[in-house]
Structure formats: C-alpha cells, structure tokens
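Student: Given next are the chains, with one letter for each unit.
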Amino acid sequence: MKILQAKEVTKRFGELAAVKDLTFEVEKGEIFGIAGPNGSGKTTLFNLISGVYSGSGDIIFEGENIHGLRPFQVCHKGVARTFQIPILFPSITVYDNIRVGAHFGVLKGKNEKERINEVIDFVGLRGRENIVAEHVDLFDKRLTMLAGALATQPRLLLVDEPIAGLSPREVRDSVALFQKINRELGITIIIIEHLMKVLVEVSHRLMIINNGEKICIGPPEEVTQNKEVIEVYLGG
Amino acid sequence: MVVNKIGRKNALLLGGVLVLGLLPIALQGNARILNVLIAALMWGVLASAWDLCMGYARVFSFGHLAFFTIGAYTAGLTARQLGIPPLAAIPLGGVTAAIFGLLIGLLCLRLRGVYIAMVTFGLHMVLQTVIIWGRDITGGKTGVTGFAPLQIGQYIFSPSYPFFSYYIALGIFILLLFIIYRIINSPIGLAFVALRDSEPYAKSLGVNEYKYKLIVFGISAFIAGLIGAVYIHFYGIISPVTLDIPIFLMVLIMFMLGGLGRFPGAVIGAFVITFVTEALRPLLLWRFVALGAIVVAVTVFIPGGLMSIPERVRPFIRRAFGRRHVEEEVS
Ligand SMILES: Nc1ncnc2c1ncn2[C@@H]1O[C@H](COP(=O)(O)OP(=O)(O)OP(=O)(O)O)[C@@H](O)[C@H]1O
Ligand SMILES: [Mg+2]
Chain B
1 MKILQAKEVT KRFGELAAVK DLTFEVEKGE IFGIAGPNGS GKTTLFNLIS GVYSGSGDII
61 FEGENIHGLR PFQVCHKGVA RTFQIPILFP SITVYDNIRV GAHFGVLKGK NEKERINEVI
121 DFVGLRGREN IVAEHVDLFD KRLTMLAGAL ATQPRLLLVD EPIAGLSPRE VRDSVALFQK
181 INRELGITII IIEHLMKVLV EVSHRLMIIN NGEKICIGPP EEVTQNKEVI EVYLGG
Chain P
237 MVVNKIGRKN ALLLGGVLVL GLLPIALQGN ARILNVLIAA LMWGVLASAW DLCMGYARVF
297 SFGHLAFFTI GAYTAGLTAR QLGIPPLAAI PLGGVTAAIF GLLIGLLCLR LRGVYIAMVT
357 FGLHMVLQTV IIWGRDITGG KTGVTGFAPL QIGQYIFSPS YPFFSYYIAL GIFILLLFII
417 YRIINSPIGL AFVALRDSEP YAKSLGVNEY KYKLIVFGIS AFIAGLIGAV YIHFYGIISP
477 VTLDIPIFLM VLIMFMLGGL GRFPGAVIGA FVITFVTEAL RPLLLWRFVA LGAIVVAVTV
537 FIPGGLMSIP ERVRPFIRRA FGRRHVEEEV S
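Chains as they are written, first to last, in our numbering: chain B, 1 to 236; chain P, 237 to 567.
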C-alpha cells in the first residue's frame with residue numbers, strides 16, 4: 001500500500017526549478033532514503049510535502065491530496081518532520097519543546113504527560129528533559145527535534161540529514177533509533193542523507209535526485225550500481 | 237526539583253502581593269504616595285498586557301496605547317452619553333478594544349516584525365487624528381469630563397480617596413495580572429513562546445500561527461482597553477494626552493526595563509519608572525531625557541532587564557560559595 005504519492009511535483013524559485021516533475025511513491029512501513037548533491041532539491045521536496053511551500057503537482061498522503069495545506073494542517077494529517085539545521089525552542093526546556101508537539105500536534109490528545117514521558121524514554125532523553133534547550137549539545141538537539149515530531153503521533157516521518165556533524169557513536173545510535181521508530185512504532189520514514197554508507201544501511205529503497213529531477217529509484221544495491229548515479233556522485 | 241522551583245516563584249509572587257496589600261498601612265495613608273502607587277498599578281497592567289504581545293509572542297505591536305485609549309474613550313463616552321454605569325462601561329471598554337485588537341490582528345496576519353509595528357502605529361496615529369477632529373463627540377484636544385464616577389457608598393474611585401482607591405486599583409491589578417499569569421503558563425502561552433522562538437518548527441508541530449496571533453492581539457488589547465477605562469474613571473477625564481509620544485515611550489520603557497517576556501518584569505519596571513518620572517517632575521520635559529538615558533543604559537548593560545539580574549549574578553554567587561548551587565543550573 002502507498003502511504004505517499006508524489007505526482008509531477010514542481011517548485012520554482014524564479015527561473016530556477018528546485019524540484020522538477022518529480023514523481024515517486026513511498027510504501028507504507030518502509031524507510032525510504034533520498035540522496036543527491038548539494039542544492040539538488042531534497043529539502044525543498046520536504047518543504048513541499050510539509051506545507052512550507054506549495055508548487056504544482058499532487059502530493060497524495062493516505063489517498064488525500066495534501067499539497068497546499070498549511071504546515072500545521074499537514075502535521076494534523078499525520079506527517080511530521082525534522083529540520084536540516086537543528087531548530088528548537090531555545091528558551092524553554094527539552095520537556096516543553098516536546099510538549100508543543102504533544103499538545104498541538106494531536107487533535108483531542110489525552111494523557112499528554114504520559115505521552116511526553118513515553119517519547120522521552122523512547123529516544124533516550126531521560127535525565128536531560130529539564131535542561132533549557134539552548135544548553136543541550138547537538139545530538140540532544142537532534143533527539144529533541146525528533147521527540148517533538150514523534151509526540152505528534154505521525155504515520156509518516158520526514159528526517160532531513162539527521163546525522164551531519166555527529167560522532168561515529170552517535171551516528172550508530174541514530175541509525176538504531178530510526179530502525180526502532182520504523183519497527184516498533186510502525187512509522188514510515190523518509191530520510192535525506194549525504195553519507196551513502198549510512199543511507200544504504202538504513203533504507204529499504206533509495207531515490208537519487210539531481211537538479212530537482214529523479215535519477216533513479218530502487219533497492220540500495222541496485223541504485224548504487226547505477227551508472228548515472230556514480231557519475232553524479234563522482235562528477236558532482 | 238521543577239515543582240520546587242515553581243513553588244518558589246509562586247511564593248515570591250504571593251509575597252509581592254502581600255507587600256502591595258500592606259503598603260497603604262505602612263504609608264499611613266500618605267495620599268501623595270498612594271496616588272503615585274495607584275498610577276503604577278494601572279501602568280503595570282498596561283505594560284504587562286503589552287509585554288504579553290511584545291515579549292512573549294514577539295508580535296511587534298506599537299498599538300497598545302491606542303487600545304488603552306480606545307477602552308478609555310469607549311467607557312467615558314458611553315458613560316457620559318448613555319449614562320451607562322462604570323461597572324458596565326469598564327468591561328465595555330475592554331471588549332471594544334479587543335474588537336479593534338482582532339481587526340488589527342487580521343490585518344497583520346501575514347505580516348511580521350517591523351511591518352506589524354507600522355500597521356499598529358498607524359492605528360495610533362489615526363486614532364489621535366480622529367479624536368482631535370471628531371471634537372463634537374470626543375471633546376477634541378481638551379477631552380471630556382463629567383461622567384459618573386466609580387463609587388461605592390460615599391467612597392469615590394478618584395485621587396481624593398487614595399486609601400479606598402488604592403484597594404480598588406489593587407483588586408483590579410491582581411485580577412488582570414492573574415489572568416495574564418495564567419495565560420503565560422497555559423498552552424496558549426506555550427504556543428506564543430514556541431512561535432516566538434522558532435515559527436517554522438512550531439508550525440511543523442501543529443501550531444496554527446494565525447490563530448495565536450489573533451489570540452494575542454485579542455487578549456492583550458482587551459486588558460489594555462479595560463485598564464484604560466479604569467484609568468479615566470480614576471482621573472475623571474479622558475483626553476488624547478494618553479496618546480502622546482512621551483507616554484508611549486514611558487510604557488515601552490517599563491517592560492523593557494523590567495525584562496521583555498519575563499513576568500512580572502513589566503510590573504517592576506512600571507513601579508520604577510512611575511516613581512522616577514514622578515521624582516523628576518521638577519525637571520519638566522528634561523525628565524524624558526533622563527528616561528531616554530535609562531533605556532539606552534538598560535538595553536546596553538542589562539539587555540534582559542531587571543528580571544535577568546538574578547540569573548546574571550547566580551554564577552558569581554556559585555563561584556563564591558562553591559558547589560552549593562550547582563543543582564539550579566540543571567533545572
Ligand atoms: N526559499 C528559496 N528561495 C530561493 N531559492 C531557494 C530557496 N530554497 C531553496 N532554494 C534553491 O533551491 C535549490 C535546492 O535547494 P535545497 O535546499 O532543496 O537543496 P538540498 O538538496 O536540500 O541541498 P543540501 O544538500 O545542501 O541541503 C538550491 O539551488 C537552493 O539555492
Ligand atoms: Mg537540504
């Protein structure tokens with residue numbers, strides 16, 4: 001079953017087509033990886049899905065066109081995201097950061113405290129939840145952002161370069177966490193990542209884009225053998 | 237530990253209220269000082285309402301003195317022309333100001349920062365002109381007097397009955413500040429802070445930015461208008477003087493000095509500035525130079541305002557007393 005279908009999605013910034021006629025499908029329950037050179041339109045694609053921008057074409061989530069909805073509405077439909085540059089609410093605690101997702105991301109949400117605490121334990125932030133967010137390190141910032149997103153109880157999670165700048169050990173923990181989110185919570189994940197090694201390890205299927213266009217899509221082993229992909233990566 | 241901390245803050249607030257309650261007795265009913273205190277209480281409410289918008293939601297409104305004045309004129313004029321009793325006229329002032337707040341909020345929905353400042357200050361300027369040119373109804377520059385005072389038995393809410401008036405003002409002050417405090421600590425306040433700290437992140441977590449912009453305009457304009465109506469009942473006159481730039485700056489300085497978005501900083505700032513302005517009265521217009529100097533000094537030397545001083549000195553205390561305060565760092 002398809003959880004997300006993008007049909008001829010295009011977004012222009014003036015002359016530049018950041019995303020161009022992009023068509024692809026994401027299966028329910030999979031981890032779907034996206035890679036591409038800098039400026040190839042990966043983040044723009046996330047911004048289109050999550051309602052930050054709107055362009056042309058259809059974005060069908062669970063059978064419903066969500067293209068053009070505002071970000072908070074997309075969140076209520078069940079799509080959550082994290083950001084490439086970690087942005088948090090720096091002046092409030094990690095707990096309150098997550099509370100924003102738990103309170104506003106869920107319609108008619110009950111047992112708010114319970115849900116927040118579950119998420120804190122799940123991502124492994126226990127013990128740091130009362131620290132004011134601006135004082136936590138990069139890894140905890142990423143975990144907080146992820147926890148906030150999970151607190152909205154999404155069925156589709158978009159993560160944008162979640163391991164840039166992390167230590168090898170933190171990278172390993174992150175990979176394990178994404179797999180746990182996918183398996184235990186049954187959440188479909190679309191992950192953007194530059195590090196091919198990690199992406200190949202974590203994704204069930206991969207899509208490579210360049211200049212806003214799809215180059216190829218398929219299982220990781222296949223994609224990494226693709227001639228054009230090798231060209232883009234070695235040439236670009 | 238968190239509970240402990242909240243408990244300490246509430247205890248401090250209650251202590252503050254208690255001090256305010258006992259002040260008239262300590263001052264033995266000193267009329268001059270009590271009347272300055274009443275002014276400080278009223279400015280404290282306005283500054284706090286404004287700070288809810290500027291400090292917590294970071295919506296750059298320059299329209300709150302206009303909302304205050306709208307509340308004042310609505311209450312004064314309806315009381316005078318239609319004979320509405322003060323107890324109905326005052327809430328009516330708040331509601332009318334809230335309606336204007338919502339309308340301005342609608343205009344500002346897609347705007348941010350300095351553009352909101354322009355639109356809201358536009359309201360301020362338009363209001364000033366309307367009041368001066370609408371002389372037949374508004375009384376023009378000289379204003380309007382002769383509306384029924386807020387009165388209980390033989391006591392009148394006015395500078396002539398400072399002891400009585402102080403407690404009336406204090407009651408209104410506590411009620412309105414309690415409302416503001418509850419909002420700050422409710423999910424509504426959380427949404428304000430979330431949108432302030434990072435709008436894209438807040439929206440991605442399900443916060444409807446338009447809704448909360450309207451809410452902050454509505455609530456803060458309501459409180460500003462309400463206290464405007466109380467203000468004119470106290471002085472028995474409404475006039476466009478409340479829209480003068482020195483007063484505008486004075487209220488702005490109050491919450492800047494206290495600390496933007498740091499409840500109850502705006503109240504502390506209001507007390508300091510009201511008394512400083514009063515003490516400097518002999519300097520006439522020069523006192524505004526002194527106020528200007530205060531703004532510059534605060535912005536440069538203590539950007540977080542007076543409320544940020546404890547957290548600024550805490551590291552020094554900690555260094556001086558060893559590890560005893562380490563716990564607080566975490567909470
Ligand atoms: N708001 C915007 N206005 C104008 N141009 C934009 C905007 N956002 C992105 N772009 C342009 O669109 C193109 C795609 O950008 P995007 O951020 O989607 O790339 P990316 O694949 O995420 O790159 P990276 O790997 O560096 O994160 C770039 O050329 C970028 O400069
Ligand atoms: Mg990007």
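Rather than coming from a laboratory, the hints here were simulated on the basis of the structure. Careful, some of the hints might be misleading.
[Said to hold, decoys possible] Each computed SDA-like pair below joins lysine to any residue, with the alpha-carbon atoms no more than 25 Å apart: (1) P/Lys447 - B/Gly127; (2) B/Lys141 - B/Ala176; (3) B/Lys113 - P/Leu345; (4) B/Lys77 - P/Leu345; (5) B/Lys108 - P/Ala353; (6) B/Lys20 - P/Leu411; (7) B/Lys2 - B/Lys110; (8) P/Lys245 - B/Glu134; (9) B/Lys77 - P/Lys245; (10) B/Lys113 - P/Gly425; (11) B/Lys110 - P/Leu345; (12) P/Lys245 - B/Gly127; (13) B/Lys113 - P/Gly243; (14) B/Lys108 - B/Gly63; (15) B/Lys141 - P/Gly425; (16) B/Lys77 - P/Gly349; (17) P/Lys447 - B/Ala176; (18) B/Lys77 - P/Ile424; (19) B/Lys113 - P/Asn246; (20) P/Lys447 - B/Tyr233.
Student: Look at each hint and say if it fits the structure.
Tutor: Here is what the structure says about each hint:
With a CA separation close to 34 Å, the supplied pair P/Lys447 and B/Gly127 exceeds the 25 Å bound. The suggested pairing of B/Lys141 with B/Ala176 holds, with an alpha-carbon distance near 17 Å, which does not exceed 25 Å. Distance hint between B/Lys113 and P/Leu345 is unfulfilled; the C-alpha atoms sit about 32 Å from each other, more than 25 Å. With a CA separation close to 23 Å, the supplied pair B/Lys77 and P/Leu345 stays within the 25 Å bound.
For the given pair, B/Lys108 sits about 35 Å from P/Ala353 by alpha-carbon distance, which is inconsistent with the 25 Å threshold. Distance check on the hinted pair: B/Lys20 and P/Leu411 sit about 57 Å apart at the alpha-carbon level, beyond 25 Å; violated. This hinted pair does not check out: B/Lys2 and B/Lys110 have alpha carbons roughly 29 Å apart, beyond 25 Å. Straight-line distance between C-alpha atoms of P/Lys245 and B/Glu134 comes to about 22 Å, which keeps the hinted pair within the 25 Å bound.
For the suggested pair B/Lys77 and P/Lys245, the alpha carbons sit about 39 Å apart, so the restraint of at most 25 Å is broken. Annotation: proposed proximity of B/Lys113 to P/Gly425 holds, straight-line Cα distance about 17 Å (limit 25 Å). Between B/Lys110 and P/Leu345, the direct Cα distance comes to roughly 30 Å. Violation of the 25 Å bound is thereby established for this hinted pair. Taken as a hint, the P/Lys245 and B/Gly127 pair is honoured in the structure, with Cα atoms around 23 Å apart against an allowance of 25 Å.
Proximity of B/Lys113 to P/Gly243 is assessed by CA-CA distance (about 20 Å); at most 25 Å being required, the pair is judged to hold. For the suggested pair B/Lys108 and B/Gly63, the alpha carbons sit about 23 Å apart, so the restraint of at most 25 Å is met. At roughly 22 Å between alpha-carbon atoms, B/Lys141 and P/Gly425 fall within 25 Å of each other, so this suggested pair holds. Proposed proximity of B/Lys77 and P/Gly349 is contradicted: the alpha carbons are some 30 Å apart, above 25 Å.
With a C-alpha separation of about 38 Å, the suggested pair P/Lys447 and B/Ala176 falls outside the 25 Å cut-off, and the hint is violated. For the hint linking B/Lys77 to P/Ile424, the alpha-carbon distance of about 22 Å falls within 25 Å, and the restraint holds. Distance hint between B/Lys113 and P/Asn246 is fulfilled; the C-alpha atoms sit about 22 Å from each other, no more than 25 Å. The suggested pairing of P/Lys447 with B/Tyr233 is violated, with an alpha-carbon distance near 45 Å, which exceeds 25 Å.
Violated hints, in rising order: 1, 3, 5, 6, 7, 9, 11, 16, 17 and 20; the structure is consistent with all others.
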